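**Q** Below are the chains, spelled out letter by letter.
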Amino acid sequence: MTDTITAPTIEYLLLSPLLVVFGAAIVGVLVEAFAPRYLRAAFQVPLTLLSLVAAFALVIFVVVKDGVPNKAAAMGAVAADGPALFIWGTILLLAFVSVLLIGDDFVPSAVAVPGSVEEERAVSEGAAHTEVYPLVLFAVGGMLLFAASNDLLVMFVALEVMSLPLYMLCGLARRRRLLSQEAAMKYFLLGAFSSAFFLYGTALLYGYAGSIDLSKISTSLSSVGGQDSLLFIGAAVLGVGLFFKIGAVPFQMWKPDVYQGAPTPITALMASGTLVAAFGALLRVFWVALGNLEWDWSPVVWAVAILTMVVGAILAITQTDIKRMLAYSSIAHAGFILTAVVATAGAKQNSLALSGILFYLVAYGLTTVGAFGVVTMVRDPGGEAWHLSRWAGLGKRSPKLAMVLAFFLLAMAGIPLTSGFFAKYAVFSAAVSGGAVALVVVGVVASAIAAFFYVRVIVLMFFSDPAADGPSIVMPIATRGVVGFAALATVVLGVFPQPVLDLASKAAQSLFVR
Amino acid sequence: MGETFVFWVLAVVSVIAALGLVFSRKAVYSALMLGVVMLSLAVLYAVQDAPFLAVVQIIVYTGAVMMLFLFVLMMVGVDSSDSLVETIKGQRFWAVLAGLGFAVLLALGIGNAFIGPAKGLAAYPQNVPSLAELIFTRHVFAFEVTSALLITAALGAVVLAHRERLTPKLTQRDLARQRFKEFARTGRNPAPLPGPGTYARHNAIDKPALLPDGSIAAQSVNRYVARYEKAEGTLPPEVAQALESDSEALELEKE
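Chains as they are written, first to last, in my numbering: chain A, 1 to 514; chain B, 1 to 255.
What the hints contain is simulated information worked out from the structure, not anything from laboratory work.
Incorrect hints may appear among the rest.
[Unchecked claim] DSS-like cross-link-like pairs, simulated, lysine-lysine; straight-line CA separation at most 30 Å:
{"no.": "1", "chain 1": "B", "residue 1": "Lys181", "chain 2": "A", "residue 2": "Lys186"}
{"no.": "2", "chain 1": "A", "residue 1": "Lys71", "chain 2": "A", "residue 2": "Lys348"}
{"no.": "3", "chain 1": "A", "residue 1": "Lys348", "chain 2": "A", "residue 2": "Lys65"}
{"no.": "4", "chain 1": "B", "residue 1": "Lys26", "chain 2": "A", "residue 2": "Lys186"}
{"no.": "5", "chain 1": "A", "residue 1": "Lys396", "chain 2": "A", "residue 2": "Lys216"}
{"no.": "6", "chain 1": "A", "residue 1": "Lys216", "chain 2": "A", "residue 2": "Lys506"}
None of the values given here were measured: they were computed from a predicted structure.
Model the full structure from these sequences, guided by the hints.
**A** Set out below in structure tokens:
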């Protein structure tokens, strides 16, 4: 050890998207502290949206200025490479549209007991928790870092930074508050368990490799001998933490409850942004750190992928709550993406699989945000019309909205001319060329099962008579914009996917930094 | 030699404490046992040449986290007991089975692992300065991002627990105005109650105040004392008479 410590070098430009998001979140907290209540929303909404746009612009600027970077920034803590930047752009875009969905979905006063006089007074006084905006920004910052972390310690910190605000936000739904608080509690407890598993795995892998750097773990796979049990237990336990975050079976239990209970904009953010970030981290751990261990983990991921696809698709059929149904569909989609995660072999195959996954994440993320956007629009007197029977005959009452939702559902089912088709095609073809044909067969069967419940909703909307006291349609301008944008993206990616596919394959070309 | 000795002494202490933690019926005892376990761990760390870890263990875990546990216990109420009704049938059995299975799996796995000689101590001979160097160079980004976590925690606590004042706070002036408005409406005395013993020979709590004409001010009689004295049969007759003339006081006394 030397007596002087050399100052660390931080690549501020490469990290600027992260820094902007975190900085804006902290400014948002200051706004909460100093601005009067009636001005807060007027500050927070533009601040949040502008910071997300600025971060997105910085991602593009970084690529335009010096080409796709491929280095570990901030003393090797953050990986700035093609996939990371692509995922950053995706998360920022999805977060932007999810923030636009935020309307009157949040509780006016979280501390008031549900149904109490105090709550009524908070409603009539027009109180609002504008803290949700900085919380969302913190969560987005955590997502960005989670997908780009280059060592397990940063990954753990990012996991917490991402999850903690989400636990909070889940419990703040304005309607059906007890359900929402239950969801937050469940998510918090199970999330804490999974974080503990992740940390335990990190410790065991450190014991094996003597380092928490993903690349050093990878190199020690060939040089360290005789400690295989540490490695295997560590990898398995780490995997539990990651599979929990993507909601893969058998760690999917939280997803339906949390998606149902959370305010719908937050559900949209979790279903899109968190999934993208979690896949980024999962790929880094399994491909970079444990890449040379593929023979050992791929059977496990095979099994998890099959279970995830089948369980997600089958349980979705029995759901009567639209948000729960979308949650199970999100589980099934995580399984579809996993088919490409196991399809590794050589650099060329890997970049093919990676670009497929990246494209899938963009396409699915936008479609799912759009679908949840439609869910926020269909209202009963007591809030969103969550029960599927309330959606009967929506096609006759509001044909345009029903058509848009039907289109989103078809995209999730993977019908041609929608983004979902090319997304599924991309991951399945990568899986086939990676030798996972059996997995693709299961995937196609699961897609067919999934198509059944998507189509069932469409049939319900268009071929049954509307109830006399059916739900009303509320269309705030921002939500309308989000749904329109998502629909447009679903069409464009379904008809003319080449630019985004090119972008994804360019980002995936040099694979993850090592 | 010394290390082995310390280990065996602390092993006995900490295992007994850990068993006590699990099996004691009172939550406070469990918390204190946890404190003992944590302190034994801290000493073990210190013996193993990890002074930083030992100090952190004491300051953060034993000092802060344990105190939080105790605060929560005190707030919830020391006497309150958990409901032990199983909501899922056979939950306890399966939980024990799964827990034991996992423990056996881990113990076998880690027990089989060959743990090489520690590398960290050789590379970084000085514990605390080396940690400082790592935190401020290699792991500086993780260290700084942790601040986001702390801000989130603080903000979350505010959102969940802070009750924002929705109505303006009543000032002294508002309260006085309210009292006089009520006086105008119901005739309720706006002034404070007279203290006991005013104009009387004693100012003890059980001596009623006297009005200028020498009669007893009924409002100054302490109702609780009067009730007690009545039950004991020592209530002075003039006080009882004064209270009888005040219907409100009698009602209160009858309560």
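**Q** Against each hint, give a clear statement of whether it holds in the structure.
**A** Each hint tested on the structure:
Pair hint Lys181(B) plus Lys186(A) does not hold up; C-alpha atoms about 51 Å apart against a cutoff of 30 Å. Distance check on the hinted pair: Lys71(A) and Lys348(A) sit about 20 Å apart at the alpha-carbon level, within 30 Å; holds. For the given pair, Lys348(A) sits about 26 Å from Lys65(A) by alpha-carbon distance, which is consistent with the 30 Å threshold. For the proposed pair Lys26(B) and Lys186(A), the alpha carbon gap of about 26 Å is at most 30 Å, so the pair holds.
A threshold of 30 Å between alpha carbons decides the hint, and for Lys396(A) with Lys216(A) the separation of about 60 Å lies outside it, so the pair is violated. Pair hint Lys216(A) plus Lys506(A) holds up; C-alpha atoms about 26 Å apart against a cutoff of 30 Å.
When each numbered hint is compared with the structure, violations occur for hints 1 and 5.
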